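The lines below spell out each chain.
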Amino acid sequence: MSDDALIVLEKVNKWFGPLHVLDDVNLSVARGEVVVVIGPSGSGKSTLCRAINRLEPINSGTITFDGRPLPAEGRALARLRSEVGMVFQSFNLFAHKTILQNVMIGPVKVRREKPVEVHDRAMALLERVGIANQADKYPAQLSGGQQQRVAIARALAMQPKALLFDEPTSALDPEMVGEVLDVMTSLARDGMTMVVVTHEMGFARHAANRVVFMADGQLVEQAAPAEFFASPKSDRAKDFLSKILTH
Amino acid sequence: MSVFSDPTNRDVYVTGFLWILKLTLASSVCALVLGTLLAAMRVSPVPVLRGFGAAWVNIFRNTPLTLIVFFCYFGLYSTLGFTTSNDLELNNYWLGVVGLSVYTAAFVCEAIRSGINTVPAGQAEAARAIGMTFRQTLTSIVLPQAGRAVIAPLGSIFIALAKNATIVGTIGLMESSNAMKQLINDNGNAVFAIFFVFAGTFAVVLIPTGYGFGWLADRLAVKR
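Quick mapping for you: the protein sequence lines, in order, are chains L and B.
The first sequence runs contiguously to residue 642 in this note's numbering.
The second sequence runs contiguously to residue 452 in this note's numbering.
Just so you know, the hints here were simulated from the structure itself, not pulled from any lab data.
Computed from a predicted structure; not experimentally measured.
C-beta: ideal position from N, C-alpha, C; glycine also.
Any given hint could be a false lead.
Claimed, not checked - Here are the computed distance ranges between Cβ atoms for each label pair: (1) L/Asp531 / B/Ser306: 55 to 63 Å; (2) B/Gly350 / L/Ser637: 27 to 35 Å; (3) L/Leu636 / B/Trp443: 21 to 29 Å.
Using the sequences and the hints, build the whole thing.
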């Protein structure tokens, strides 16, 4: 485990009733690293991702972010969450706020920054994800791909130390997947620390530093993408890859 | 209609409805504030607050309003000596506002709570994920959306409140139903005319109010 680890999970366990969704998971993500988590559905990938900012509390084990263990519910946890951006499968843009307000609300409400200053940064972020011209619209007026790009801008507005992506393209029409992956790829290139749960093998191949394969709540295998896709070691991973890569 | 051409009678009629108007306005503001607080308690992570909210709703929603208003008068005022004004009429008015508010707040609370349930869980999750506290999540994200979803049901609650305000007549305030009773006592030959004027006044004000709330609900609806 390097000293430069930003996110560290040690012996993390979680049960949903009798279902063991996270089974002794150990994972360390270094600063600037892009870790892509793949695996069959129900393998615990999303739970793992959501556990990192405690949207999903764990039953045992420890999770440390930037050297500090995750606090229990309360202000300290809120502060930690403000440093970890999250992008959801279903976008979850605030439906009653405009695109610009969605991006500005975090810095203004949580960090108490001045709206005038946040405005320029928010517009620059919308520019970066290519939706500055839609700033005054409401989420429902945008396509899924556009909404997801706004969600990324909203997360970036908090200037987070890491970004978590929970199946960010799974709810999108196929033709919109590319525009979201483009934004994510450019973030990866800029050195953002990212944990990405996804089924996009292309993204895993070209943008990830490391691929983590999960099955049945266990972290089965992890390797650099080239190595993982060329010669998976475990049978579960071979089986999984053979099913998704043959078509 | 000759009953209402007499200025004294007209005065009784106008004063009666002015009381109803004041009772309704004051109580709806109090009930809205109180009901929103109660709804926040009922969804809060603190068990004591949740219990308090639930108890409030169960007690006041299931007690007849007449009993609550009676209790305000005979219990709070006569027995416990709780007074709100030295003017007897104003005192009764405020006791009525207390009764109407605590009763209506229970219904407002339940309406808002059902509104909160219409807001997808992902909205609160996204708010927490950017670092909002429970309170910020509730006041900035959940309640504004819940509020828009419950404008129409709140309209029904406030219309019921306006009619329920006549119950304050039972503790001596000369509001519209007492005014009507007095006019009928004095003008036994015009019962129907008096009745229809009073009932009609409620209808004329409340029917557009209902449509107004419906219009507002459509206009402010959150698009998903």
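Range hint 55 to 63 Å (beta carbons of L/Asp531 and B/Ser306) holds or violated: Given range 55 to 63 Å: holds, Cβ gap about 59 Å.
- prompt: Taking the CB of B/Gly350 and the CB of L/Ser637, does the distance hold inside 27 to 35 Å?
  reply: 34 Å, holds
- prompt: Is the distance from the Cβ of L/Leu636 to the Cβ of B/Trp443 consistent with 21 to 29 Å?
  reply: With Cβ atoms ~57 Å apart, the hint is violated.
Checked against the numbered hints above, the structure breaks only hint 3 and satisfies the rest.
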